[in-house]
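Q: Order-wise, the sequence lines are chains A and B.
Position 79 of the first sequence, counted from 1, bears residue number 78 in numbering that gives the first Met the number 0, the numbering being contiguous throughout.
Position 51 of the second sequence, counted from 1, bears residue number 50 in numbering that gives the first Met the number 0, the numbering being contiguous throughout.
None of these hints come from the bench; they were simulated from the model.
In this text, all values refer to a predicted model and were calculated from it rather than measured experimentally.
Among the clues, some could well be false.
Same chains, same label: a pair holds when it works inside one copy or across any pair of copies.
[Unchecked claim] Each computed PhoX-like pair below joins lysine-lysine, with the alpha-carbon atoms no more than 20 Å apart:
(1) K238 / K411
(2) K61 / K364
(3) K238 / K51
(4) K4 / K90
(5) K51 / K61
(6) K101 / K363
(7) K101 / K286
Protein chains: 2
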Amino acid sequence: MADTKPNAIVAQSGGPTAVINSSACGVIQHAISSGRIGKVLGATNGILGVLKEDLFDISAEKPETIEAMKQTPAAAIGSCRYKLKSLERSKLDYERILDVFKAHNIHYFFYIGGNDSMDTADKVNKLAKDTGCELTCIGVPKTIDNDLACTDHCPGYGSVAKYVAVSAMSAGKDTEALYTTDTCTILEVMGRNAGWIAAAAGLAQRQPQDAPHLIYMPEAVFTFDKLITDVKAVLKEHKRVFIVAGEGLKDENGNYVTADSGDFGKDSFGHAQLGGVAEMLKAVIEKEVGIKARFNKLGTNQRSAMHFASLTDVNEAYLCGQKAVEAALTGENGKMVTLIREDSDQYNCTTGLTPLSEVANGEKKVPLQYINKAGNGITQAMKDYVRPLVQGQAPITIAEDGLPVFMRFDRKPLAKKLAEY
Amino acid sequence: MADTKPNAIVAQSGGPTAVINSSACGVIQHAISSGRIGKVLGATNGILGVLKEDLFDISAEKPETIEAMKQTPAAAIGSCRYKLKSLERSKLDYERILDVFKAHNIHYFFYIGGNDSMDTADKVNKLAKDTGCELTCIGVPKTIDNDLACTDHCPGYGSVAKYVAVSAMSAGKDTEALYTTDTCTILEVMGRNAGWIAAAAGLAQRQPQDAPHLIYMPEAVFTFDKLITDVKAVLKEHKRVFIVAGEGLKDENGNYVTADSGDFGKDSFGHAQLGGVAEMLKAVIEKEVGIKARFNKLGTNQRSAMHFASLTDVNEAYLCGQKAVEAALTGENGKMVTLIREDSDQYNCTTGLTPLSEVANGEKKVPLQYINKAGNGITQAMKDYVRPLVQGQAPITIAEDGLPVFMRFDRKPLAKKLAEY
């Protein structure tokens, strides 16, 4: 009887990416086709949806809607930034999660997210074990920041890398054309503590005169003196300067060079909310070098650019979702799917599994051998690392209005079985 | 004898676009194939290149380099923001231009640019007539701002419209996914005095819940009270709000709501240099509405996004270049090529000619019937206007590194014949 089969839940968490829906699609399609899972439920807005028992039956959505997730950026199930604390401090939350799982006969929890999400999944899983609750938790990696431990790279990174690189390349041509007045352009990209996104922009520089001429990453100490020296040197060589700056640049003491101290200065995970690096660089360059500078801040556009997303990234994201289901159904538990780059001449990527606890709260920064000695650019090794990840154009369907077709779930809410939380 | 044929010069001016090189390509290829023109010379950095006699022989470049201009954004010949004043005030400049033309046997001047450039071309042409200098000046329209008079639309606009619309659509999905914390997103787009670019983003809104929910254009009076009221109303309806803001919003008195008053506060045309609208909106919304807001500022990326450019735009830009040469060779002079939208059910665009003087310093704003009554969005008529302009995907060639192939001229400088200027 179909009704007696255990159900699965899939949830998305943290900052969206161009391919987090591909991962969810991989989970959903393989959970359905396995024949061993009853309903595949979506938790509206990640763990918040679980806590609020705000669930819907994804397996009842139209198959073409589910398939179209592969072409839709952001997080179609809904995401959140709600962070659970330790088992002791957020005990009620964890217990509530298990109550909701029990109430809806959920034996499988697929959580697609970053290190904070893996931490949550790990703790839910531990509590389930401790309380004799039948549950399999498998994590699916996701982050544009590419900073998860234990995996060669993260789904979401290849697409942001591709978009940021083409953006540097294109805006670089603009600066080249108009250097007689608009001499300096600063492209601000995301990456709170890791410079992977900024580093990827370096792929755009095929020849020394190509943008970007300078790349600043949080891993290399940033000073304004250094900036001014760097800018003057590039100007002398190329008459223009194109800079890519990670949002989280830090000084000699490890402090962010800009910090928004307003009411919204920290996100609910306690991370400092950054911004304004490009503006600060612009102001300093205009004042100290005496050239006009302008800045582009791609913001959330860099993580949602399905129209120039990496096919490799979309496919690997889907694969991670598929492998998560396979792992769960073969008895694995408390693991996250990882991406493994085979040691071969041609890029070949397979998947593995690693304990959730090893990923939780880990952070993988850009290694020193990927950053040039001057701390203002990348090395060939970084280019070799990122190049395979941006390959291929993810297909998109264009509607009559000339714009992409994105899906949205019908999202029929599941009847609640528990009291309000 | 080839040497006795008169030469032509082609120059690009003002802010680059995704398709200004397509227009130049149309000029170059048709000037060469006409058999009636000697060399096609490029003026490095627009009129500055003419003044400095900084010219190169484009017709000697590889044909594949010239062909690849159609796939390359920005301004491959080089652009500038140098504005000539009246014939009286900038007399030496105008005379110098004619001296350079005479020295290099230049009888044809093709100037691709906006209204300031058409003004320059018009004045050069008038002085040539007055002084008995043989010269044909034909203008080719170019501006992402879409604010040129006498033409249905401007090459460059369709591509920025397409890119801005897909950016609103994509970042809108991001806001939809993460609305529980990141509730408001502001997308700042270009458009100093005309709201055409902001208006185009409205194409992304297929259903009321889709982004953008609010569009602010310079043509509609902007007040912060109105903003707060608007944001609260959208929040109530959709729990999130996505705003597109033109950079040049103005208050009841016609003053910009933000104005950079620094050293670089004005460009060399005397236009106020704007920026910071999105940041100001963000600050007001966070303080007065109490939700977190973030902003994306596409900057020069919006006008150089060849990777999602409109094929219609590329083709029409090329056509304008071709028609400029045809007009010059059939005895037209002192005209700009215009785009004419045929009055038919299906979009059909032909070209016309209009006197340079009618375009010079004119400005076409978004008409009232394209703006909704509340002054915070667009009407169906605006969607019907812009939809045909974004159709089709301009082809790009992707290199092995996963990024587009852009051309760059070999740019062998022409020997100077005059004294330095």
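Q: State the violated hints by number, sorted upward, taking the hints as numbered earlier in the document.
A: 2, 4, 5, 6, 7
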